[in-house]
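Going down the list, the protein sequences come from chains A and B.
Taking my numbering, the leading residue of the first sequence gets 2, the next gets one more, and so forth.
Taking my numbering, the leading residue of the second sequence gets 1390, the next gets one more, and so forth.
Keep in mind that the hints are not guaranteed to be accurate.
[Claimed, not checked] Some but not every residue of chain B turned toward chain A, in silico, with C-beta under 7 Å: (1) Gly1397; (2) Val1447; (3) Ile1451; (4) Gly1452; (5) Gln1491; (6) Ala1517; (7) Gly1521; (8) Arg1522; (9) Asn1542; (10) Ser1545; (11) Ile1636; (12) Leu1782; (13) Phe1786.
What the hints contain is simulated information worked out from the structure, not anything from laboratory work.
Ideal Cβ positions, reconstructed from N, Cα and C, are used throughout, including at glycine.
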Amino acid sequence: MMKKYWKSVEEFQGITAGDDRNNEDKYKNELLELFKKDFLSKNSSRRDFLKVFGFSLSSAALIASCKRPVQKAIPYVIHPPEITPGKALFYATSYYDGHEYSGILVKTRDGRPIKIEGNILSSFNGEGTTARVQASVLSLYDDARLKFPTSDNSPASWNTIDEQITNDLAKINSAEGEIVLLTSTVISPSTIKLINEFGARFRNFRWVQYDAISYSAVLEANLMCFGKAVIPDYHFHNAGFVVSVNADFLGAWVSPVHFIQKYVSRRIPDNKEKNMLRHIHFESGLSLTGSNADKRIRIKPSEERLILTELYNRIAAKTGEEEFPGVAGRTDLAEIADNLLASKGKSIVLSGTNDVEIQIIVNGINTLLGNYTDCIDLNRNLNIAAGIDSRTEELVADLNSGKVKALFMYNVNPVYDYPDSEKFLSGLKKTELTVNMTGSLNETVGKAKYECPVHHFLESWDDAEIIPGQLSLSQPCINPLFNTRSFQDSLLKWSGSSISWHDYMMTNWEKEYFPKAKMSGFQNFWDRSLGNGVFSYNISDSKPAIFNKEGLIRAMNSREKTGTDGFEVILNESVTLGTGMHANNPWLMELPDPVSRHCWDNIAAVSPADALKLGIQTGHLIKLADGLILPAFIQPGQAEGTVSVALGYGHTNSGPVANKVGVNVYTFIRIIGGNRVYGFITNELENTLKQSQLALTQVHHSMEGRPIVRETVLSKYRNNPASGNELHEEYESKHRTLYPEVNYDGFHWGLAIDLNLCVGCNSCVIACQAENNIPVVGREEVKRRRIMHWMKIDRYYSDTPDDPKVYFQPLTCQHCDNAPCENVCPVSATNHSSEGLNQMSYNRCIGTKYCINNCPYKVRRFNWYRYTNNKAFDFNAASDLGKMVLNPDVTVRERGVVEKCSFCVQRIQEKKLQAKLENRTLKDNEIKTACMQACPSGAIIFGNLKDRSSKVSGLFENPRRYHLLEELHTLPSIGYLTKVWNDEESKS
Amino acid sequence: MYNRKIRGPLIEGDKTFSQISKEILAPMETTPGLWWYITFGISSIAALFGFYAIYITVSQGIGTWGVNNSVGWGWEIVNFVWWIGIGHAGTAFSIFLLIMRQRWRTSINRAAEAMTVIAVMLAALFPALHMGRVWLAFYIFPYPNTRGPLWVNFNSPLFWDFVAITAYLLISFSFWYLGMLPDFATIRDRTKSKIKKAIYGFFGMGWTGSSQHWIRFESLSFVLGGIAAVLVVSVHSIVSTDFAVGIEPGWHTTLFPPYFVVGAIFSGFAMVMTLMVIVRKIYKLTDYITDNHMDAIARILVFISLIMGTAYSTEVFIAWYSGNEYEMFTFFRNRITGDYTFQFWGMIVCNALIPQLFWFRKVRRSWVGLLVVSLFINLGMWFERFNIVVTSLSKDFLPSNWVSYNPTYIEIGVYVGTLGLFAAGVLLFFRYIPIIAVSEVKSVAHIGNKKED
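This is chain B alone, in the form it adopts within the complex (with noise of 0.2 Å):
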C-alpha cells in the first residue's frame, strides 16, 4: 500500500517510542534560546502598539481610521478576512488530510492547528472593533431578552458570520485541545517539576492511555472531525456572503463562496508553510517534518493557486460577460487600471504567477525558495481582501461618491498589533505545547521505515 521506494519513510530516521517523545518535547523541556526572547519581546512590542491603537480605536472613535462616507470598511475588514482564511489551515489539514487518510499530516496539524486557534481569535478581533459601538455588540447575540425581545435580523450575512465564527472557534478549539489530551498526558508523566506535574495533569484530565480511552479519542477525533469539514468549508462561505449579498460592483456575485473557501486554505497552507520552514530549522525537527511534507503542502500550494488563478479570470470574464457598465469599471478601471493597480496585479503575481514555481522540484526542496514563496502567497491574499473590500467601496454607482481610501496608522496599528500577537501566540505554543502530536506520530513513526519491509 504504502510504497516507500516513492515516498519515502513519513518520519526519517528510524526512532524509538522514547526517542520520539524526548525528541518533541525537548523545546519544553529545555530552555529556549536567545532567539526565542528576542522575538517573543518584538512580537510583544508589536502586540503593545496594537493594543494602544485599539485602545484609541474604542476610546475616540472609528473616526480615527481611515474609512469613510464611502469605504465603510477598510484594512479591518480585510484584515478580518485575512485572518479566517489562515485560520482554515488548521482544520483544513487536519480534517481533509484525515479524511483522505494522509497519514503525514500528523507531524503537522497540532501547529496547524494552534495556528488556526490564534488566527480566528484574532480574526473575531476585527468585526468587533469595526463597531461602532462596539460596548454595544452583545445585540448580536440572538436571545431571549428584555428589548422587547429584540431579535437579531436572521437575513444579514454579519449575523451568519457571526454565528460561523463563533461556531469555527469553538470546534476548532475542542478539536485542537482535545488531540492533545495523550500528549498533556505524556508531559505530566515525564516532567520532574510538581508545579509542571499538577498543570499538565489538570489539562490532561486524567489520561491514562488505557484502550477505553483511546477509543473515546478515536471516535471523538472523528465526530468532531466530521463538524470542523462542514465548518471548513461553510465558515468562508458565509464570510463571502458579506460581500456577495451586497449590492455593490466586485461584490455581487456567486463565484464569491467556492473562490473564498479555496483562498482561505491557500492562505492558511501557505501561512503553516511559512510557520514550518522556521520551526523544522530551529527546533532541529527535520527528522520529523520531512522534506517529503514540504513538498507535499508546496504540491498543494501550487494546485490550489491554479484554481485562484481561474477564479480570478472568471471573475474578470464574467464582468466583462455581464455588461453590466457598474462592474466592468470596478474590474477593468479600478482594478486592472486605475488608482488600484498596484493591489490587484500585486494579488495575480503573488497568487495566481509566483507559486508556479512549486512546479520545479529544487524550489520545493529549497527552504528559502518554501519560505519566499509562501511569504508572497501571505502578502497577495492580503491584497485579494484589500482589492475585494476597498476598491469596490472606493468608487461605486454613482460618480459623486468616488473616494479614495488610506488607512491610518492607528488601523495599521492594529493589524500590527494582531501581527505581534500571533507570533507571540505562536511562541508561547511551542514553549508550553507540544509542536508535534507525539501520541499521533508514533503510530506513524514507522510507516515506510526499513523495519515494516
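Extracted from the complex, chain A is given alone in its bound form (with noise of 0.2 Å):
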C-alpha cells in the first residue's frame, strides 16, 4: 500500500465535504463529466445542454478566431561562443563607397548587424556619422543587390566564370591587347598592391580611377603648383578666417563628416584661446555650408573666376606680391582681403569648382596668406578622390577606337553618372570582354558581359589609408548573404593565385605596417588593429609646400569669356543622396533635404526675384533644356539668374525605391577644358505651366518673429553671454504653479542642444530612424505631411527672401516635465516616468490622436496605415530581407497607434542595466542617444540633470540656454542653446 501524506488533520481523516478551496475543482470536474463514457445515456438536463453549448461555442470561437502566423525560429546547431542572444556585439570596421570614408564601429545583434556608430578610435571623423553612413547599413539587406554571378546576364558559377575570363585574359595579354581596370578611387593600400601586381601580369595594362563627383581640378592644380595630386586636408580648426566659394564642404564636397569636426570645434564662442573663426561663403544654391556662413555672398558660377582673381589682386597689392590684370569692382573684396591679411598663416581660402585654373587661383591666394603651414595640409591629405577628368576621357576615346580589349569595372556606374553614357555604352560593347563588379543593381549591371557581384562593406575584409599614415581596417559583420565574391578575391583568382585576400591583405599588413607597430608578434598587432578598427603611425613630415608660379601666370593670362546673359544652371551634389548611388536606401531618399526640406524629387531651385519675373510658383514645372523637365522651387538665397539642381536622381535601373524618382542630370555635365564641369548655361526658363506637387516637409519658412530659434552676435555675446536669451530670464522669473512641483530622485534625463554647433547635417535623423525602427512611408505620405521621423531639423529663414539668414533647428519630443499630451490621453498611454521620461505604451493606445494635437511642438507620429508586411508602402518593412535591420530592442508600432522620441530609452535601460550589475553607479556621457552619438559636431548632449557635475548639466547652467515655447510652461527636458553669428552687421 502507497504510503499517505496528508497536509491537515481534516484530509487525514477524509473530511473534505465544505472545504471551499475544492469548489474551483469541483466545478471544473463538473464540466468535464459532460465527456464522460455515459453521457449519451443519461438524460440531459436544460443546464447541461447550455453548459455543453457555452463550452463548444466558447471553445469553436476560440479555436477559429485565433489563429496567429506562424513564425519559425531556428535554433543554432552549433551555438557560437561569442554570441548571446538579446546582447550586441560591435565590430570595428570602415565605412567606404568610393566616395565618402568613416571609421565605424557596427553593432550586431544576433549575427545581424543593425546599427552603425562613429569609432570614437577614428581621430578622421571620431563617433560623428554621416547620414549615408548611418543609412548604408540598410543597403546591406537591400533586395536590389546583386545575389549571384552572371554571364551574358544569365546565371552562372564562380567557376565557369574565372575559367572563361583567366581564358579570354591570357588570349588578349598573348595579342598585347589593352587591359583596363575601371575603379572608383580606390584608398585601400592592400588593394592597390594588389592592382599593381595584377597589372603587372599583363603587358598591356591600365588603371584608371574614375568618381562621378570630380575632383579632378584640386588634383591637377597641387599637381601644377606644388607637385603633388593630392586634396590637401583642410585644418579648420586652426583658421581663424575661411573664405569658402561654392564650395559645400559641411554638407557633400570632399569629407563633411571630418570637415565639420574641425570647423565647428572653432565656433564655440566662449573659447578663450582662439577666436571664433569667421566664415564668409560666395556661393549660387543655398547650401548647407552657406547656411552656416556668418555672411553668405551669392555669385553666378561665372563670376567666381573675376572674383578670386579681384581677390588674389587685393592680397598681392597689400603683400607686395606681382598682380595680375584684373577688374577691381567689389568693395566686399577689399573687406574679405583685409580680413584675411589680418589673420595671415591663420586663413582658408577653398574653392569647390572643377575648374584647374580656379583651383591655381586658390592655390596662389592660400599661398600669399601662407596658409600651407598649419592650415592646409598637403602632406598628410585627404585620400578621397583620385580621379582625373582626362584619364576617362582618354578612356571613353580608346573604347570607342576599340583600342581597349578588356574592361575590367569596380564599383562605378558610368552608364548612370558618365556625362556622355551613350558614347560609354557603345565603347563597352566593343570590348571584347568587360566585366562588371559591383554590390547593387544600377544602370551598368547587365551592360558588361560578365557580372561579378561584390560584398557590402559589412561582408568583407579591407582596409583603408584616408590620410598617409592612418590606417583603418575592414571586416566582415555578417557572412556574405548572397553569393558574391569581394573584388580583391576575384583578381587574385584570375591573377592564378590561390591565396584569399584576407591572407593577402595580412602578408601586405605584417610587412608594410606591424614593422611601423613597433610591437611585439604580429597576431598581437593585428588583433589589436582588428579590435581597434584603426592603426596610425607618423609619417616624416616632408618639406614645406613650394608654390610653382608659372600655373598661375598661365592661369591668370587666359581670359575666358566670362558673363552670360542666359540662366546659369548648377549641377550639384545631393546631401542626402550623394552621388546617387545610394538612390535606393529607402531612408535616404525618404530624408529631407537640410535646406529646401523636399524629398523623393530632385528639383529646380530658382530664386525668388527670378521665379517673380517668370511667373514661376513651387511646384510648376519647368523647361531647363532639352529632356530636363523639373519641378521648380523657389529657393530664397538662391543667386538671380541661376538654378540648381540635385544629382543623383532619375534612375532606370537602380531598385524599386530609385527607379523613376527626378530626373538624371548627369548627362548635362559638360567637359571644359579638360575638365568635367556641374553646370551649364540656358538661354531661357520655360515654365509649362504643369503643376506637380512636391514632397515637402516644412512649407513655412519664417519663424513669424516668435522666439523660437534665438541667436545673438559675438560682439554682443561677449559683452553678456544671455544676450538674444533676454526672454529666458522674464520667463523663469513668471514661472509659477499651483501644484507641488514633481522631485525626481536619482534620474532626470535632459538634452541639451547647441544651435551654434548644430550645421543641419541631418546624421541624427537617420540614426534615430535606424535605431528606433522608424518606417519609411513614400512619396504620397509625404506630401500629405505625414512623414514618420522622430527627430527633424527644421530650417528657419530670417531677413529677405533673397538674401536670408539660415537656422537649424533640431526637434523631436520634448520630454516635457509638465507635457500637454499625458493628462488629455482618455486610456494613459503616455506618461510620465519617474525619471522624467514622457513614454508612450503602443500597447495601451487607441489612436485618439488628441496627444497630437495638443502637443505645442508637433513631435508625435501616427501610425497611419500598417506600414510593415504592407505591399503599399513596399519599402523595407514589407521584405523578409529588408526586416532584418529591425533593433530587436525597439517595438514595431502596430496601425493606429502614436509614437514619437523615447530618449532611446531602450539605451537607457541597457546601461543602466550594465552598471547594476557591475554594482557601480552610471557614469556622465555612458549613455548616448543615437542621435547624440551620431551627430559629427557634437551639438547634441544627453545626460542626467539631476547630476550637477554631468554634461548636460553644465550646459543647462550656460547662460545660453532656453527652452523652446518656454512661455508655455511645458517644462521641456530639452534645453537649446542659442545661436551665435560672428558677424557684427547682421540685423539681429
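Since each chain sits alone in its own frame, please combine them into the complex, following the hints.
This is the structure:
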C-alpha cells in the first residue's frame, strides 16, 4: 500500500466537505463529467445542454478566431561562443563606398548588423557619421543587391566565369591587347598593391580611377603648383577666417564628416585661446555650408573667377607681390582681403569648382597668405578622390576606337553618371571582354558580359588609408548573404593565385605596417588593429610645399569669356543622396534635404526674383533644357540668374525606390578644358505651367517673429552671454505653479542642443530612424505631411528672401515635465516616468490623436497605415530581407498607434542594467542617444540633469540655454543654446 | 392667463380628440407617397456610401483621411461636434420649454426628440471611427479589468466626453421612448393589423391610460426632464472641454462651455426648423405645427444668434486683449484673414448676420424664409466647428509644423453617410412613430380656441 501523505488533520480524517478551496475544482470536474462515457445514456437536463452549448461555442470561437501567423525561429545547432542572444556585439570596421569614408563601429545582434556608429578611435571622424553612413546598414539588406554572378545576363557559377575570364585574359594578353581596370577611387593600400600586381601580369594594362563627382581640378592644380596630385586636408580648427567659394564642405564636398568636426570646434564662442572662426561663403544655390556661414555672398558661377582674381590681386597688392590684370570692382572683397591678411597664416580660402585655373588661383591666394603651414595640409592629405577627368575621357575614346580589349569595372556606374553615357555604352559594346563588379543593381549592371557581384562592405575584408599614416581595417560583420565575392578575391583568382584576399591583406600588413607599430608579435598587432579598427603611424614631415608660380601666371593670363545672359544651371551633389549610388536606400530617399526640406524628387531651385519675373511658382514644371523638365522650387538665397539642380536622381535600373524618381542630370555635365563642369547655361527657362506637388516636409519658413531660434552676435555675446536670450530670464521669473513640483530622485534625463554647433547635416535623423525602427512612408504620404521621422531638423529663414539668414533647429519630443499630451490621453497611454521621460505605451494606445493635437511642438507621429508587411508601402519593412535591419530592442508599431522620441529608452535601460550588474553608478556620458552619438559636431548632449557634474547640467547652467516655447510652461527636458553669429552687421 | 387675442390658438381648428388621433396618425396608417420612397432611396444610397467609407477607414486605417502630423483631427471631429449640437434640439425643446411652461412645445417635441436620438447616435460614431485602433475602443470604459487593472485617465476630457455622451444618449432615448408610451397604446388600439397590434402593444408596455399610469407618467417625465436639463448644459460644455483643456491657440479659452452650449441649441433649433417646415407641409400638419410655432422658434433663433455674435466677437477681442501672439495669429491671420477666411466669414455671415432676417415678421411667416435661414444656420454651425478644430491645428506654435488640411473623399463619404442615415432614420420615424405626441397635443388642443373663452 502507498504511503499516505496529508496536509491537514481534516484531510487525514477524510473530511473534505465544505472545503471551499475545492469548489473550483469541483466545478471544473462537473464540466468535464459531461464528457464521460455514459454521457449519452444519461438524461441530460437543460442546464447540461447550456453548459455543453456554451463550452463548444466558446472553444469553437477560440480555436477558429485566434489563429496567429506562424513564425519560425531556428535555433543554433552549434552555438557560436561569442553570441549571446539579446546582447549586442560591436565590430570596428570602416565605411568606404568609393566616395565617402568613415571609421565605424557596427552593432550586431544575433549575427545581424543593425546599426552603425562612428568609431571614436578614428581620428578622421570620431563618433560622428553622416546620414549616408548611418543608412548604409540598410543597403546590406537591399533586395536590389546582386545575388549571384552572371555571364551574358544568365546565372553562372564562379568557376565557369573564372575559367572563361582567365582564358580570355590570356588570349588578349598574348595579342598585347590593352586591359583596363576602371574603378572608383581606391584608398585601400593593400588593394592598390594587388591592383598593381595584377596589372604587372599583363603587357598592356591601364588602371583608371573614376569619380562620379570629380575633384580632378584640385588634384591637377596641386600637381601643377606643388608637384602633388592630392586633395589637401583643411584644418579649420586652426583657421580664424575662412573664405569658401562654391564648396559645400559641410554638406557634400570632399568629406563633410571630417570637416564639420574641425569647423565647429572653432565656432564655440567661449573659446578663450582661439577666436571664433569667421566664415564667408560665396555661392549660387543655398547650400548647407552657405547656411552656416556668417556672411553669404550670392554669385553666379561665371563670376567666381573674377572674384578670386580680384581677391588675389588685392592681397598681392598689400603683400607686395605681382598683380595680374583684373577688374577691381567689388568693395566687399577689399574688406575680405583685409580680414584674410589680418589672419595671415591662419585662414583658408577654398573653392569647390572643378576648374584647374580657379583652383590654381585659390592655391595662389593661400600661398600669399601662408596658409600651407597650419591650415592646409598637403602632406597629410585626404585620399578621397583620385580620378583625373582627362584619363576617363581618354579611356572612353579608346573604348570607342576599339583599342581596349578588356574592361574590368569595379564599383562604378558610368552608364548612369558618366556625362556621355551613350558614348560609354557604345565603347563598352566594342570591347571584347567586359566584367562588371558591383554590389547592387544599377544602370551599368547587365551591360557587361560578366557580372561578378561584390560583397557589401559589411561582409568584406578591406583596409583603407584615408590620410597618409592613418589606416583602418574593415572586417566582415556577417557572412555574405548572397553568392557574391569580393573584388580583390576576384582579382586574385584571375591572377591565378590561390591565396585569399584576407591572407593577402594580412601579409601586406605584416610587411608594411607591423614594423611601424613596434609591437611584439604580428598576431598581437593584428588583433589590436582589428579590435580598434584603426592604426596610425607617423609619417616623416616632408619639406614645406614650394609654390610653382608658372601655372598661376598661365591661369591668370588665360581669359575666358565670362558672364552670360542666360541662366546658369548648377548641378550639385545632393546632401542626402550623395552621388546617387545609394538612391535605392529608402531612408536616404525620404530624408529631406536640409535646406529645401523636400525629398523624393530633384528640383530646380530658382531665385525668388527670377520666379517673380517669370511667374514661376513652387511646383510648376519648368523646362531647363531639352529633356530636362523639373518641378521648380523657389529657393530663398538662390543667386539671381541661376538654377540649382541636385545630382543623384533619375535612376532607371537601381531598384524600386530609386527608379523613376526625379531626373538624371549627370548627362548635362559638360567637359571644358579637360574638366567636367557641373553646370550649363540655358538661354531661357520655360514655364510649362503644369503643376506637380512636391514632397515638402516644411512649407512655412519664417519664425513669424516668435522666439524659436534665439540668436546673438559675437560682440554682444562677449558683453553679455545671455544676449539674445533675455526672454528666458523673464519667463523663469514668471514661473509659477499651483501644484507641488515633481521632485525626481535619481535620474532626470535631459538633452541639450547647441544651435551654434548644429550645422543641420541630418545625420541624427537617420540615426534615429535606424535605432528606432521608424518606417518609411513614401512620397505620397510625405506629400500629405505624414513623414514619420521622430527627429527632424527645422530650417527657418530670416531677413529677405533674396538674402536670407538660415537657422537649423533639431526638433524632437521635448519630454516636457508638464506635458500637455499626457493629461489628455483618455487611456493614459502616454505618461511620465519617474526619470522624467515622457513615455508611450503602444499597447495601450487606441489612437485618438488627442496627444498629437495638444503637443505644441507637434513631434508625435501617428501610424496612419500599417507600414510593415504592407505591399502598399513596399520599402524595407515589407520585405523579409529588409526587416533584418530592425532593432530587436524597439517595438515595431502597429497601425493606429501614436509614437514619438523615447530618448532611446532602450539604451538608457541597457546601460542602467549594466551599471547595476557591475554594482556601480552610471557615469556621465555613458548613455548616448542615437542622435547624440551620430552627431558629427557634438551639438547634442544627453545626460542626467540631477547630476550637477554632468555635461548636460553644465550646459543647462549656460546663460545661452533656453527652452522652446518656454512661455507655455511645459517645462521641457530639452534645452537649446542660442546661436551666435560671428558677424557684426547682422540685423539681429 | 393665455391671451388668445394676442397669441392665437395653440392648435388651429378646434378639433375633437378622435380627429386629432386620426390626423396625426394618418402618415402611419396610410401608405406614404412616392416622395417618401424616393427620399428614402436617396438617403439609403448616401448611407451605403457612408458604410463603404467606414469600411475603408476601418480596414485600411485613418490614413485614408486627409488628417496629418499636425492636424490630427479633421472633418470627423467637426462632424462629431456638429451632430452633437443638432442632438441638443430635442432635449432643449422638451426640457427648457417644459420648465418654462411653454405648452406649444407639445406639437414639436416628439420630432425634436427623435432627431436628438438619431443625431447623438450618429455623433457617437465619429469619435469611435477616428480612433486608430477602434477594436480597442473598450479601453475607454472604466471598469475593473484583468489588464492590471488599468484605469482610464480621469483627467482626460475625452473620457469626460465619453461619459457625457453615453449618459446623454441614454437619458434622451429614455425620455423620448417613455414619452411615446400613450401614443403606442393609441396605435395599438386603433390598428386592425394583428402584427402591428403585437408590435405596438409590446412597445406600449401595457399602457391602459389609467389615472395611475398618467400620474406615474407625469412624474417620470419630470424626473427625466430634470436630469436631462442638466445634461443639455453639461454635454456640450464637456464637448467644449475637448478643446478648452487643450493648449492650442484658439482652443484654450474659458468662453467655450457656454459658447458651445448656446451654439448647440442654436444648431439644434435650426435643424428642428428645417425639418418642421418640410414636415408640416408634406403631412398637412399645419394645424398642429402652426405658423405661430414656427414664429416662436424663429424668435428664439434670432435671440441666440445675437448671443453667438457676442461670443464670436468676445473670442476675437480676448485674443487681441490677451496680447498672446499665438492667439493673435490664429484669430487675425488664420481666421479673419489668411487661408481660412472663407470658413470664418462663412460662420459670421451664416450664424450672426443672416438670422437677423428673423426680425422681420414677413420672413418668420414665410416657409421659404424659414427654410433658407435655418439651412444657413446649419451650414454656419458646421463652419464654426471647422474653424475651431482645423484652423487652430493647422498653424499653431512652430511655423515649421504648419500645414494645410484637405479632406479626402473617404472623410466626406462618412459625413454624407451620416446625413443619409439621419434622413433615413427620420423618414422611418415618420412612418412608424407618431410625429406629434398625440396624447400631449390633446391636452392642449383647446387652449386658445373659442370654446374656452
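Checked hints:
Interface hint at B:Gly1397: violated, since its Cβ lies 51 Å from the closest Cβ of chain A, which is beyond the 7 Å cut-off. Taking 7 Å as the C-beta contact cut-off toward chain A, the hint placing B:Val1447 at the interface is violated, the least distance being around 10 Å. Here the hint on B:Ile1451 is kept, as its CB sits about 6 Å from the closest CB of chain A, short of 7 Å. Evaluation of the B:Gly1452 hint against chain A yields a held restraint, the C-beta minimum of about 3 Å falling below 7 Å.
A cut of 7 Å between beta carbons decides the hint on B:Gln1491: the least distance to chain A is about 38 Å, and the hint is violated. For the restraint placing B:Ala1517 at the interface with chain A, the shortest Cβ-Cβ distance is roughly 10 Å, beyond the 7 Å limit, so the hint is violated. Because the beta carbon of B:Gly1521 sits about 2 Å from the nearest beta carbon in chain A, less than 7 Å, this interface hint is met. For B:Arg1522, the interface hint holds, since its Cβ comes within 7 Å of a Cβ in chain A; the closest pair sits about 4 Å apart.
About 4 Å separates the beta-carbon of B:Asn1542 from the nearest beta-carbon of chain A, less than 7 Å, and the hint is met. The beta carbon of B:Ser1545 is positioned within 7 Å of a beta carbon in chain A (closest approach about 4 Å), and the interface hint is therefore held. Interface hint at B:Ile1636: satisfied, since its Cβ lies 4 Å from the closest Cβ of chain A, which is below the 7 Å cut-off. The beta carbon of B:Leu1782 is positioned within 7 Å of a beta carbon in chain A (closest approach about 6 Å), and the interface hint is therefore held.
A distance limit of 7 Å between C-beta atoms decides the matter here; for B:Phe1786 the minimum to chain A is near 4 Å, and the interface restraint holds.
Hint compliance for this structure: hints 1, 2, 5, 6 are not met, and every other hint is.
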